[in-house]
Every structure is written in structure tokens, then in C-alpha cells.
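Start from the sequences and build out the full structure, keeping to the hints where you can.
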Amino acid sequence: MDEGRPLFQQIAEQIEGAILDGSLAADTQVPSTNELAAFHRINPATAAKGVNQLVTDGILYKKRGIGMFVAQDARRRVLDRRREAFGRDFVEPLLAEARRLGLDAEDVKNLIEKWGEGR
Amino acid sequence: MSAVLVKDLTMRYRGHTALHGVGLELRENTIHGLLGRNGAGKTTLMRILTGQEFESSGQVEVFGDAPRENDAVLRRVCFIRESLKYPSYFKLREALAAARIACDSWDADFAARLVRDFDLPANRQLKKLSRGQLSAVGIVIGLASRAPLTLFDEPYLGLDAVARQIFYDRLLADFAEHPRTIVLSTHLIDEVADLIEHVVLMDGGKVLIDADADDLRGRAVSVSGPADAVAAYADGAAPLHRSQLGGHLRVVLTQRPERPAAGVTVEPLSLQELIVMTTNRGDRT
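Chains as they are written, first to last, in full-length UniProt numbering: chain A, 1 to 119; chain B, 1 to 285.
By construction, these hints were calculated from the structure, which means they are not laboratory data. Keep in mind that this is a model prediction, so the values were computed, not measured. C-beta: ideal position from N, C-alpha, C; glycine also. Fair warning: there could be bad hints in the mix.
What the hints assert, rightly or not - Heads up, incomplete: computed chain A residues facing chain B, CB under 7 Å, no partners named: (1) R41; (2) N43; (3) G65; (4) I66.
Said to hold, decoys possible - Just so you have them, the derived chain A footprint on chain B, three or more residues with Cβ under 8 Å: (5) 111 to 122; (6) 185 to 197; (7) 213 to 221.
Now the structure itself:
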């Protein structure tokens, strides 16, 4: 786990990641908070906070007495949110570094094309 | 309900004051980290909570009652000290039998499993065990007591990294099954940072930080870059720490500023770094 960010947030992001890459499909059960706590070696209350965050966001839903499950439209919700954050999280720092190095937007575009080839 | 409630607690010894008006509330069924440098007052606080010492003034409640000579409270409390002393003829069996008598919630099967996990010799006198093995005996007793309030005071003298990991894993697994209030006093902050839900940092007999671990994580940041850019980003906030190398400045801020970080590098501080910066008075510039 990354020391500098709230653990509950990292737990939520990891579950979101599994939903994005398809390893957690809609309506499948996610690991229990105790399983998450044991796997990541973190406090169960912290794991529960991460899971509950996803319930609040409508990405997971609760079946009483059984556990937490992936919502039908969870993948779309996660995609929407990640795409929204993409500019701030990835493009902005990219352009900031480009400016420091004296590269303009055109240079960056060319670089993207060059590095995107064969992908 | 809170497991521990302390108000304006002061402990005076002849010539010095170990606790200065400490106020504290420890939630039930939570793992608390009690952190601080040697001499901060952690052990004194735990000794008072477990009825081994009587406060000079103030209010102390454990499960709603004063612990002082209160058997009903003390039967629900288990305190594992840094160096537990056992009678010289004691073997592991006797130590576990004594713990069983003292703790209402003792689980003998769990104790037997832990003895195997730590590979402890059952038939050797405890005084002949290594320092690390003796620490493991304390950990076995603390975990198997399942006491509603269990306090570990720097429990791992001589314990190697593998044995410490066994302790953390068993603690988490058993806590998940049997929630209870755990107070873990330790200097190995990096190792326990992910286990503890709540942090109490003591220094000079006072409580400096009383907060949830996850709230602290990422709250404090180290900001570095060209001096003018760092100063602009910090915007007058008093730094916890400041160091300069030529035109390059690094400051540590207790709270990440809301504004965009233009031209500076912002890195979150780990819990251990925050604790060290907060209590390292000799280094404050």
C-alpha cells in the first residue's frame, strides 16, 4: 500500500480497477472486508470504509447477510469518473513537464503519435 | 461507548510530572496506536489505565468505571508490558495457566495454536528462553486473553521480523473475528501504520495528536522546488520543518494547501515521517 494516501481510498480504487479490467463482473460478489483486511494486511475497519465508499457511490450494492456485489452499471460509472479525472491526473502533469522542457502542444502531439505507433 | 475515557489526568512523581492534564477517549472495538518517544508518558498512562498505578488527579474510566482496585474492570483488561517477569520456576504451561485464571475471556485453543505459530518450547523454564521467545510468550498471552481491553507496551523486544509479522497477521485475523479494544504502543510506526485505526501521539506527558490514522495519511506534505515557488505555494503557513539548499527549498506542511501546486513537487508524508517531524524538537528550524 502507498503510505501517503488514505488506505480506504486505495482499497476503493483497487476494487474499481478490478471492475474496470473485468475481473469483477456485474453482480459478482466482492471479497469481504475481513478478506480484504487479511490480504492487504490492513485494519478491517479501514477496508470496510473503502467498501462502503463504493456502496455510497452506487458501484457496489449490499445483500443483507450475504455480502457486497458489483452493481449492474458499475463499470460505466467507474469509466465515467476515471475519464473525467484523466485530464487532471495525467494530461495536466504531462503538459506541465513539457512546458518545463520547452516542448509546445504540437511537440507533445507528435510525441503521442510516435509513441502510440504499434500499440 | 468508549472503552477508555480520561479527563485532565495528571501524574506527579517526586521531582517530575509524567502526565500533564491528559484528555483522551478510546473507542471500543478499535485498534489504537499509542505512539511517542521514550519518556513521553505512554507507559505511565497504560499503568494507570490498568490499575497498576494511581493518578495524582483527574478522571480515569475504563468501560465506564474507575480501574483503581476494581476487580470487575481489571478482569476485562490485559496488559502486556515490555518485559514481563515470571516466577523463576515457571514454564510456559504455568504462565498460560496463570493467564487463564486472570482473564475471563481466555481461549486455550487459540493459545495453543499461537504457541505452535511462534514455535515456543513448552517444557523449558521461561528464564532460559531467549529475549525474543520471552516476548513471544507475552504476545501469546495478550492475544489469547481476548480481553475486551488489551494493551501491548512495546511487546517485541528481541523479536525478529518474521515473528513480528506473525503477530500482526494473527492480531488482524483474530480482531476481525473477535473485535475488541487494542492499544498498541510501539516505536515501529511503519510496521503498524496499516493496522491501527486511531493514533494517539504523546510527547512530554501530553497528547499531541489524537486522530484517525487514515485522516493523518496524506494530510501532511513535503513541498520542494525553487524557493519562491515553494514560498508562494505555502503562502505563509508555518512549516513543521524547513531546509534549504541554495535556491532549492523544502518545507513540510501539516496540511496540504488547497491551491494548485505550480512548479513545486508535493509529496505526502508517511505516518512515521509525520510523527518524527512532530516530535523531533531538536530539529525545528
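Right, here's what the structure says about each hint:
no., hint, in the structure
1, R41, "6 Å, holds"
2, N43, "5 Å, holds"
3, G65, "17 Å, violated"
4, I66, "18 Å, violated"
5, 111 to 122, "violated (count 0)"
6, 185 to 197, "holds (count 6)"
7, 213 to 221, "holds (count 5)"
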